[in-house]
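Protein chains: 2
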Amino acid sequence: MSPNNAYQQLEKRFRRIHLLRSIGHLLRWDGEVMMPSGSSGIRAEQLSLLETESNSILRSRQTGVLLDRAETSAGTLDGWQQANLREMRRLWVHANAIPNRLVNAFHRATTEADMHWRRAVEQDDFRVLAPHLEKVIAVVREKGRFVGAALGCSAYDALLDEHDPGRTTADINRVFHELSSELPHLIAAILERQSAMSPVEPATPVAVARQKDLGRRVMKALGFPFHKGRLDESLHPFTEGTAEDIRITSRFDKDDFLTGFMGVLHETGHAMYDYGLPQAWATQPVGRDRGMAIHESQALFLEMMIGRSRSFMNFCAPMIARTFGTQGAGWSSGNLYRLATQVRRSLVRMDADEVTYPLHVILRCELEEELFSGVLEVRHLPQAWNDKMRLYIGVAPGGDSKGCLQDSHWPLGYFGYFSTYLMGIVIAAQLFSALQRDNPDVMRQIELGNFAPLFDWLDRSIYCQAAKLTTEQLLERATGEDANSAYFLAYVRAKYLTA
Amino acid sequence: MSPNNAYQQLEKRFRRIHLLRSIGHLLRWDGEVMMPSGSSGIRAEQLSLLETESNSILRSRQTGVLLDRAETSAGTLDGWQQANLREMRRLWVHANAIPNRLVNAFHRATTEADMHWRRAVEQDDFRVLAPHLEKVIAVVREKGRFVGAALGCSAYDALLDEHDPGRTTADINRVFHELSSELPHLIAAILERQSAMSPVEPATPVAVARQKDLGRRVMKALGFPFHKGRLDESLHPFTEGTAEDIRITSRFDKDDFLTGFMGVLHETGHAMYDYGLPQAWATQPVGRDRGMAIHESQALFLEMMIGRSRSFMNFCAPMIARTFGTQGAGWSSGNLYRLATQVRRSLVRMDADEVTYPLHVILRCELEEELFSGVLEVRHLPQAWNDKMRLYIGVAPGGDSKGCLQDSHWPLGYFGYFSTYLMGIVIAAQLFSALQRDNPDVMRQIELGNFAPLFDWLDRSIYCQAAKLTTEQLLERATGEDANSAYFLAYVRAKYLTA
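Going down the list, the protein sequences come from chains A and B.
Those letters in the first sequence? Residues 1 to 499, by our numbering.
Those letters in the second sequence? Residues 1 to 499, by our numbering.
Don't take each hint at face value.
A pair holds if it fits inside one copy or across any two, identical chains being indistinguishable in the list.
The calculated DSSO-like cross-link candidates involving lysine-lysine, where the alpha carbons are at most 30 Å apart (straight line), are [as the list claims (entries may be wrong)]:
1. Lys254 - Lys220
2. Lys402 - Lys495
3. Lys254 - Lys212
4. Lys212 - Lys402
5. Lys388 - Lys468
6. Lys135 - Lys388
7. Lys468 - Lys12
Hint data in this document are derived by calculation from the structure and do not stem from the laboratory.
Every value quoted in this text rests on a predicted model; they were computed, and no experiment measured them.
Construct the complete structure from the given sequences, taking the supplied hints into account.
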């Protein structure tokens with residue numbers, strides 16, 4: 001067998017993994033949007049079968065042998081193939097670093113914890129979750145140690161690498177520091193400024209069916225290809241699928257259309273990235289997104305930088321009025337913009353404005369590191385959470401469900417994930433600055449309803465590269481430098497304190 | 001390895017096949033109900049992967065070895081296990097009789113023919129399909145020969161056996177003869193009688209949303225467990241799923257609510273059977289339905305014998321009026337009953353009344369046998385179809401799309417399938433007679449909205465046995481004899497010429 005033959009065989013294996021994953025996407029979408037409540041048992045078994053199946057391809061000895069062979073003469077491969085081989089190896093290392101018993105222990109611990117998390121939320125009592133979260137953390141620590149040994153890095157860096165390849169604790173700590181030292185007094189200044197303005201008109205109630213209709217209209221305007229995707233409703237907004245069939249959801253609140261609308265924009269940002277990835281590599285690891293920080297940057301970019309801009313509001317205010325059949329000062333483009341840019345000391349990350357959002361995330365990342373290292377005991381989490389909320393946001397929850405129980409990430413074993421939200425918004429602001437540098441007319445075009453210049457730039461800068469470059473290389477190519485939080489701070493100052 | 005150990009290992013393998021099939025069900029449901037139009041490419045690949053995967057378990061040498069071992073001391077197994085082993089072997093024989101190249105040829109030929117069938121329907125021209133249908137028939141013939149050799153029966157009997165285990169050409173020809181010699185003059189007599197009556201009030205238009213609402217209400221009354229199932233809309237009504245998650249659909253026509261309503265009853269009949277199968281055997285071959293003739297009998301039973309009865313119409317007329325907000329003579333129970341029992345010389349099987357329905361099916365079965373044996377050339381099918389329509393139903397289509405192109409069965413390679421519809425209605429009438437013999441009060445209970453006696457009887461007689469008995473044994477146990485078309489003829493005479 002020639003080395004290139006080995007590479008071809010690997011492509012075939014990863015094509016199969018891609019197909020298995022695409023089925024899993026659909027099953028998860030259905031589980032959240034369509035599935036009858038009593039069918040969760042068989043759904044869990046179906047998902048577990050697909051997971052086991054693709055894991056067994058990834059973890060098979062033969063895949064390792066093929067990787068070794070293909071790498072011995074990687075020189076005969078072209079640039080994309082080499083990058084693909086690198087990504088295959090990366091996935092292989094992550095999957096093979098962990099012994100089988102730990103895979104099972106992780107599955108058991110997170111299934112248990114997820115179940116108790118739901119109960120804990122219902123009962124507004126973290127103590128229902130605490131012992132199960134302890135087990136998850138123990139397993140996650142072990143997982144981090146194994147993967148860290150394989151990658152030659154610390155256990156926590158190994159977790160970061162899974163979701164945001166190449167990212168280190170040092171990187172994120174630097175960004176934390178830059179933002180957490182600046183944002184609190186920026187927020188104070190913004191709040192003072194906003195309270196001095198005339199009061200914002202609150203949005204009046206709008207039937208959910210009309211909100212969905214608006215969502216579909218704005219997605220259409222943005223270029224969402226409805227022949228390969230859908231918009232539906234679920235408890236939490238999400239995006240599932242591959243470029244050949246992407247399903248996004250939002251949640252809709254009769255009394256607050258903006259939540260659902262921003263959810264649609266956020267998820268459309270995710271979806272447009274997935275659609276924009278190069279078709280020729282759709283079934284291969286190199287054809288996927290470059291990690292969750294970049295993915296999140298695309299969602300936050302469309303929701304925050306574009307969706308909460310004056311230009312966008314000027315474009316869509318008439319569409320909103322037409323779709324809702326509303327009129328009056330509350331529905332003016334100016335008032336809608338003010339609604340979308342209200343800064344608030346609020347409790348829930350998912351509802352946070354773009355200025356306080358990073359602090360919500362930093363709080364989680366810091367607590368997560370402390371839980372992981374053992375500095376913070378699980379049972380003290382609610383107290384630590386509330387203390388940090390008071391410190392960073394200036395407000396603390398009455399109960400746990402709007403406090404340390406509000407996200408499912410930790411019970412599900414997602415440690416090292418929250419930082420992708422933070423890097424996501426930092427990257428989004430940096431991309432926004434580069435976009436305007438490269439195309440000064442882009443916001444005026446958006447105001448006219450022409451989104452082609454925006455998506456052409458995103459395509460050239462981000463989408464078309466998929467996972468070919470490292471995140472650092474990708475950002476340098478698009479913006480001239482690696483992730484730099486100064487752009488976010490400058491963006492906030494310009495938008496909230498100068499304009 | 002002990003023989004019982006071999007049996008246990010087989011159960012494990014078939015549990016995996018069950019899970020893979022259950023994923024396929026969901027993907028097919030989604031494909032018809034939810035999927036964006038442009039996503040059919042990846043969906044076909046996903047389904048093919050699942051099919052290949054479960055086929056490879058069934059066709060693996062190891063499964064054959066385990067079957068041999070388990071059979072050497074089947075005496076140590078209990079009755080259900082023995083029946084399960086018999087069913088496993090049956091599936092194994094069908095799957096292993098065919099060489100790999102033929103599996104692929106079947107897949108290619110039917111995929112091509114299906115595509116051209118859709119075009120042919122659009123263009124109302126059978127010639128678009130003809131050459132592709134010829135290829136399908138050639139492959140199906142070869143398949144029949146291989147399976148026939150393995151089962152020790154004729155090639156066509158081998159095809160019948162796949163969908164209705166144990167059924168032979170001799171069986172169905174006998175039933176054809178009994179029905180096709182009686183029905184045409186029965187139909188003439190019924191039409192004469194109906195034309196002498198006062199005219200039926202046609203149904204007025206009803207919004208589709210209300211029709212769906214009615215569908216859900218009547219399903220609820222029948223006991224459909226909505227926490228494990230759904231009702232949706234699709235081009236053709238169908239049922240997909242396992243007892244843990246069943247999705248049924250109907251099609252809804254604003255101008256003819258009865259079509260959608262009867263579709264709901266038909267599919268609910270399928271679903272109630274699937275739900276009623278014994279839970280302990282849910283993942284095993286013996287826990288499935290006893291072939292498609294029995295399955296179809298359950299659907300036709302609920303749609304025809306129950307749904308198109310005076311008692312049922314008396315029960316649901318007030319529900320219909322309430323749900324639709326309608327009133328007047330057209331919506332009286334009496335007029336609705338007459339609407340549901342109108343006999344018509346019509347062109348389309350799916351819209352046929354219960355009296356002409358068997359002739360629509362017999363026509364297909366006869367033509368199919370002639371196509372299969374080569375007596376009828378494919379290019380002469382439209383003419384042969386129209387001739388037989390005139391002979392049996394007394395009306396012939398203007399074009400092919402309402403003629404020999406109206407079903408997708410043949411392009412998809414489903415030969416030996418149509419007869420299950422015929423046996424289904426014969427069995428349904430026979431069960432209806434036995435039900436009334438065992439429980440003379442059952443229709444009065446239905447009129448009162450009490451469906452428990454009906455479903456208790458079906459559960460005891462059919463559902464609880466799954467595939468443990470042969471079809472013949474199952475029918476003898478429930479009714480005292482094997483399938484007998486005299487019950488259907490007596491049912492028609494009593495309902496349409498006497499009552």
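Verification of the supplied hints:
Taking the closest pair of Cα atoms, Lys254 and Lys220 come within 30 Å of each other both inside a single copy (22 Å) and across two copies (29 Å). Taking the shortest alpha-carbon separations for Lys402 and Lys495, only the intra-copy value of 29 Å comes in at or below 30 Å, while the best inter-copy value is 64 Å. Proximity of Lys254 and Lys212 under a CA criterion of 30 Å is satisfied in both settings, with 11 Å inside one chain copy and 24 Å between copies. Taking the closest pair of Cα atoms, Lys212 and Lys402 come within 30 Å of each other only inside a single copy of the chain (27 Å); across copies the shortest separation is 38 Å, beyond that limit.
In this homomeric assembly, Lys388 and Lys468 never come within 30 Å of each other (Cα to Cα): the closest approach is 39 Å inside a single copy and 64 Å across copies. Taking identical chains as interchangeable, the C-alpha atoms of Lys135 and Lys388 lie at most 30 Å apart only when both belong to the same chain, with a minimum of 24 Å there against 72 Å between chains. In this homomeric assembly, Lys468 and Lys12 come within 30 Å of each other (Cα to Cα) only inside a single copy, at 19 Å, whereas the closest approach across copies is 42 Å.
Consistency with the previously given hints fails for number 5 only.
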